[in-house]
Amino acid sequence: MAWRIVGEYFENCSCDILCPCITSSMMAPADTERCLVPLICHIREGAYNGTALNGLNFIIVVDSPAIMSQGNWRVALYIDERATPEQRQALGEILSGKHGGVPEMLAGLIGEQLGVKFVPITYESHGRERRVRVPGILEFEVEGITVPNSESVMEITNVFHPMGTTLPIAKGRVGVFNDPDYQLKFDNAGKNGHYRDFTWQG
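In terms of the numbering used here, the sequence shown is residues 1 to 202.
Any given hint might turn out to be false.
As the list claims (entries may be wrong) - Straight-line alpha carbon distances no greater than 20 Å define the calculated SDA-like cross-link-like pairs of lysine to any residue that follow: (1) LYS185 with VAL62; (2) LYS185 with ARG133; (3) LYS185 with ARG131; (4) LYS117 with ARG88; (5) LYS117 with SER152; (6) LYS98 with ARG196; (7) LYS171 with GLN183; (8) LYS171 with ARG196; (9) LYS98 with GLN87; (10) LYS98 with THR23; (11) LYS171 with PRO148; (12) LYS185 with ARG173; (13) LYS117 with GLU86; (14) LYS117 with GLY97; (15) LYS98 with GLY108; (16) LYS171 with HIS126; (17) LYS98 with ALA2; (18) LYS117 with SER96; (19) LYS117 with ASN178; (20) LYS98 with ASN72; (21) LYS185 with SER25; (22) LYS98 with ALA52; (23) LYS171 with ASN149; (24) LYS98 with HIS126; (25) LYS98 with GLY115; (26) LYS117 with LEU39; (27) LYS171 with LYS98; (28) LYS185 with PRO65; (29) LYS185 with ASP31; (30) LYS117 with GLY55; (31) LYS171 with THR146; (32) LYS171 with THR23; (33) LYS117 with VAL62; (34) LYS98 with GLN113; (35) LYS117 with ASP63; (36) LYS98 with ARG82.
Hints listed in this document are in silico derivations from the structure and should not be mistaken for laboratory results.
Generate coordinates for the entire structure from the input sequences, incorporating the hints supplied.
Have a look at this one:
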């Protein structure tokens with residue numbers, strides 16, 4: 001099934017700035033025993049086999065060993081509750097990795113799928129700031145780090161990352177996650193962040 005999604009994402013991981021997972025293409029250990037990171041995605045436009053996905057959000061929360069490339073990730077998926085049954089199925093198919101693209105690569109690193117929840121997701125993007133909120137579960141906010149005396153955001157280039165090879169560098173301002181159903185809780189405020197536009201297809 002042909003599919004394509006175009007949008008923007010941000011993340012706020014448990015590492016200090018700058019994350020060694022990013023600078024080592026996931027080969028070096030994280031700053032902490034586990035790498036805890038949400039990949040927060042807003043779809044501007046997209047479709048799966050004719051089903052439009054414009055305007056929807058999804059969040060992939062990753063709990064991985066310190067060396068991410070070794071796999072055995074634990075992953076929880078949150079999908080926008082506004083999605084119709086057809087859209088929910090389409091996003092599930094895309095994110096399963098069964099239809100190629102970046103999700104197929106990520107699927108090879110997942111050892112345990114904790115579950116899928118359909119939840120209200122509020123996503124905001126303003127200048128250098130990105131925010132997301134799922135009531136009762138998570139709230140994240142990052143802000144791009146600028147060059148002194150400038151509005152230009154610092155970037156790291158030529159990286160191996162599912163969203164692209166250039167990543168603006170950001171700092172987490174709010175980084176709360178707590179889902180008792182998965183016995184997973186963390187706070188990444190003050191830690192490493194990134195954001196950028198992305199295109200996935202398969």
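Fill in: Numbers of the earlier hints that this structure fails to satisfy, in rising order
5, 6, 7, 10, 21, 24, 27 and 36
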